[in-house]
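Undergrad: The primary structure of each chain is shown beneath.
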Amino acid sequence: MNHSNHVVSTAITAESIADSSVVASEAVAQYALGLGDDALVLAHQLGEWIANAPELEEDVALGNIGLDLLGHARSLLTYAGTAWDKSEDDLAYFRGEAEYRSRQLFEQPNGDFATTIARQLIASVYFVALYRALSLSADTTLAAIAAKAVKEVDYHVDHSAQWLERLGLGTDYSHERMQQGLDAMWPFVDELFRADPFAADLEGVAVDPEPLRAAFDAKVPRLIVDAGLTVPTVSPAQGGGRLGRHSESLGPMLAEMQVLARAHPGANW
Amino acid sequence: MTAVQPALPEEKSAEGSVDQRREFDRLIDADMRIEPRDWMPDAYRKTLIRQISQHAHSEIIGMQPEGNWITRAPSLKRKAILMAKVQDEAGHGLYLYSAAQTLGIDRETMFEQLVTGAAKYSSIFNYTTPTWADMGSIGWLVDGAAICNQVPLCRASYGPYGRAMTRICKEESFHQRQGFEILLELMRGTDAQKAMAQESVNRWYAPALMMFGPPDEDSPNSQRSMAWKIKRFSNDDLRQRFVDMLVPQAEVLGITLPDPDIKWNEERGHYDFGPLDWDEFYEVLAGRGQANAVRVARRKKAHEDGAWVREAARACADAQAAERMAS
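Same order as they appear, the protein sequences are chains A and B. If you count by our numbering, then the first sequence holds residues 151 to 419, one letter each, in order. If you count by our numbering, then the second sequence holds residues 51 to 377, one letter each, in order.
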């Protein structure tokens, strides 16, 4: 292992990583990049809800969840960047679509509120399992990022699960929308639990996603059934996000996200 | 915010007994707080509802011009700060709606008043945000003006309003600082960034000064609000205070305030400044600004698009309550 272990902090942030002398190994950086992209792409899309949510409380809640995820993304991308002397912004704003590693669930557009809740429920339950395992990583920086993140994503599960129940049991119309939201997001569940090509050589450091599926299967279908809804039986999508194969929505999303930074290369903000 | 049950006005007591009126006056004179269950004159209640709901609407509509840049913020740190700031504004709207609710008006009614135009919000949010530097100008100038307006409101005689404002002001000073930092970073940057900052300040300076409202001689509601200690300083006093604060900050930024008449007046101990274009102010107020219709339509759309979600939440809560009753 070629990484140093200087960052051990309960309140790890992108800034504290950037200010430390910690340097990720090439392999760890490649792995962290994928996780960072997942969080960033989802955070960006949740930001679109602010000022557009069904009630003010949800402007605040979805904004909070987005901010937590953006915090995770910033830490992971900053850490990845230490391997290549790049900043979080170099990685976020100056990589093209094919260089992004996000898995496709996170790229799915917001859709209506039910679609967002379906996406967030799946994502949050996955994140809890992932970060819980990653908090035991031999890489202390990844472990610290995950230990901080796991507390936050745990709360995100509660938020989505409560809305799943409200929409599932609320009115006929909300029930139908929620079911459609689940059906639309379900094809992207499988990819989350497929082997991560950048985790392969990092035993004890990276998390193998395949065994995390059990925790997901033990929780999400039961929540769906308890909300009076049906666990979708749709075919899984092909995936390939980690290898740069993305949904068509990622390109426009990145174009918007990167437009100002790219108009002023080298500028500080 | 303290959670207080709405105290609905009792029809009969609108005029109040001699004792009630005397007690109200005593509390005001002694700089003490009026609380939701205290008797208060109808006009005081109405003035407060108008002012607090207008303030709440301003926070909510004010999310839009800044929300415009969340997806395009040029660094992840700025994106995080902007998301937190716009989200704070939703929180401020919530405290203020709650404060207004203690006076006997509900949120749905206030929302109706906003989308029908019966209630106003601060005209400043009808200006658009074409550049990133506008995030700096809004923080520095618009939030700066808001702070000058709002700090005295922390001592407003109506308890729930004063307490909501105390919390809001703490967050607003962070907002102003981050706006200043955005401009500072731009002014230390490339020529294009400097030009972006200056151009933005040129657009926002005068509208920010007009946020304090018309000159005192043209502001009929101010006198009574001051007597009731809802408002503590006149529009012109607050505007002067704001200009006095801005001039040295502009020097630190290296930005030129777009008013050639700004000059230190030794005798007054204040900066003199040039006349403002009040015709423009009244034009925007009358609905002929850059984005009046767009702002209200957008709020209406978010509300209407979310109707089925709120309905589902209510239906689910009702069903669960019925279930608890039955068991």
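What the hints contain is simulated information worked out from the structure, not anything from laboratory work. Some clues are possibly wrong.
Claimed, not checked - Dumping the calculated EDC-like pairs for lysine to aspartate or glutamate here, alpha-carbon to alpha-carbon at most 20 Å:
{"id": "1", "chain 1": "B", "residue 1": "127", "chain 2": "A", "residue 2": "205"}
{"id": "2", "chain 1": "B", "residue 1": "127", "chain 2": "A", "residue 2": "240"}
{"id": "3", "chain 1": "B", "residue 1": "279", "chain 2": "B", "residue 2": "79"}
{"id": "4", "chain 1": "B", "residue 1": "127", "chain 2": "A", "residue 2": "262"}
{"id": "5", "chain 1": "B", "residue 1": "350", "chain 2": "A", "residue 2": "198"}
{"id": "6", "chain 1": "B", "residue 1": "279", "chain 2": "B", "residue 2": "158"}
{"id": "7", "chain 1": "B", "residue 1": "351", "chain 2": "A", "residue 2": "247"}
{"id": "8", "chain 1": "B", "residue 1": "350", "chain 2": "A", "residue 2": "207"}
{"id": "9", "chain 1": "A", "residue 1": "236", "chain 2": "A", "residue 2": "340"}
{"id": "10", "chain 1": "A", "residue 1": "369", "chain 2": "A", "residue 2": "341"}
{"id": "11", "chain 1": "B", "residue 1": "127", "chain 2": "A", "residue 2": "406"}
{"id": "12", "chain 1": "A", "residue 1": "236", "chain 2": "A", "residue 2": "302"}
{"id": "13", "chain 1": "A", "residue 1": "236", "chain 2": "A", "residue 2": "247"}
{"id": "14", "chain 1": "B", "residue 1": "350", "chain 2": "A", "residue 2": "302"}
{"id": "15", "chain 1": "B", "residue 1": "350", "chain 2": "B", "residue 2": "368"}
{"id": "16", "chain 1": "B", "residue 1": "351", "chain 2": "A", "residue 2": "198"}
{"id": "17", "chain 1": "B", "residue 1": "127", "chain 2": "A", "residue 2": "207"}
{"id": "18", "chain 1": "B", "residue 1": "351", "chain 2": "B", "residue 2": "333"}
{"id": "19", "chain 1": "B", "residue 1": "127", "chain 2": "A", "residue 2": "198"}
{"id": "20", "chain 1": "B", "residue 1": "351", "chain 2": "A", "residue 2": "207"}
{"id": "21", "chain 1": "B", "residue 1": "350", "chain 2": "A", "residue 2": "165"}
Stated by the list, open to error - Residues from chain B that keep clear of chain A, each with C-beta distances beyond 12 Å, as calculated:
{"id": "22", "residue": "99"}
{"id": "23", "residue": "298"}
{"id": "24", "residue": "332"}
Glycine included, each C-beta is placed from N, C-alpha and C at the ideal position.
Undergrad: Take the hints in turn and mark each one as holding or not.
TA: Here is what the structure says about each hint:
With a C-alpha separation of about 27 Å, the suggested pair residue 127(B) and residue 205(A) falls outside the 20 Å cut-off, and the hint is violated. Pair hint residue 127(B) plus residue 240(A) holds up; C-alpha atoms about 13 Å apart against a cutoff of 20 Å. About 9 Å separates the Cα atoms of residue 279(B) and residue 79(B), which keeps this hinted pair within 20 Å; it holds. Simply put, residue 127(B) and residue 262(A) have alpha-carbon atoms about 28 Å apart, too far for the 20 Å limit, and the pair is violated.
The hinted pair formed by residue 350(B) and residue 198(A) meets the criterion: a straight-line CA distance of about 17 Å does not exceed 20 Å. Straight-line distance between C-alpha atoms of residue 279(B) and residue 158(B) comes to about 28 Å, which puts the hinted pair past the 20 Å bound. About 32 Å separates the Cα atoms of residue 351(B) and residue 247(A), which puts this hinted pair outside 20 Å; it is violated. Restraint check: the Cα-Cα separation between residue 350(B) and residue 207(A) comes to about 16 Å, which is no more than 20 Å; the hinted pair holds.
Under the criterion of a C-alpha separation no larger than 20 Å, the hint pairing residue 236(A) with residue 340(A) is inconsistent with the structure, at around 32 Å. Among the hinted pairs, residue 369(A) with residue 341(A) is consistent with the structure: their alpha-carbon atoms are about 18 Å apart, no more than 20 Å. For the suggested pair residue 127(B) and residue 406(A), the alpha carbons sit about 17 Å apart, so the restraint of at most 20 Å is met. The straight-line distance between the Cα atoms of residue 236(A) and residue 302(A) is roughly 27 Å, outside the 20 Å bound, and the hint therefore fails.
Between the alpha carbons of residue 236(A) and residue 247(A) the distance comes to roughly 18 Å, so the proposed pair stays at or under 20 Å and holds. Pair hint residue 350(B) plus residue 302(A) does not hold up; C-alpha atoms about 32 Å apart against a cutoff of 20 Å. Among the hinted pairs, residue 350(B) with residue 368(B) is inconsistent with the structure: their alpha-carbon atoms are about 26 Å apart, more than 20 Å. With a CA separation close to 15 Å, the supplied pair residue 351(B) and residue 198(A) stays within the 20 Å bound.
Proximity of residue 127(B) to residue 207(A) is assessed by CA-CA distance (about 24 Å); at most 20 Å being required, the pair is judged violated. Under the criterion of a C-alpha separation no larger than 20 Å, the hint pairing residue 351(B) with residue 333(B) is inconsistent with the structure, at around 25 Å. Of the supplied pair hints, the one linking residue 127(B) and residue 198(A) holds, its CA atoms being roughly 17 Å apart against a limit of 20 Å. Restraint check: the Cα-Cα separation between residue 351(B) and residue 207(A) comes to about 17 Å, which is no more than 20 Å; the hinted pair holds.
For the given pair, residue 350(B) sits about 39 Å from residue 165(A) by alpha-carbon distance, which is inconsistent with the 20 Å threshold. The claim that residue 99(B) lies off the interface holds: its Cβ sits roughly 18 Å from the closest Cβ of chain A, which is beyond the 12 Å cut-off. For residue 298(B), the non-interface assignment is confirmed: its Cβ lies about 24 Å from the closest Cβ of chain A, beyond the 12 Å cut-off. Every CB of chain A lies more than 12 Å from the CB of residue 332(B), the least distance being 27 Å, so the non-interface label holds.
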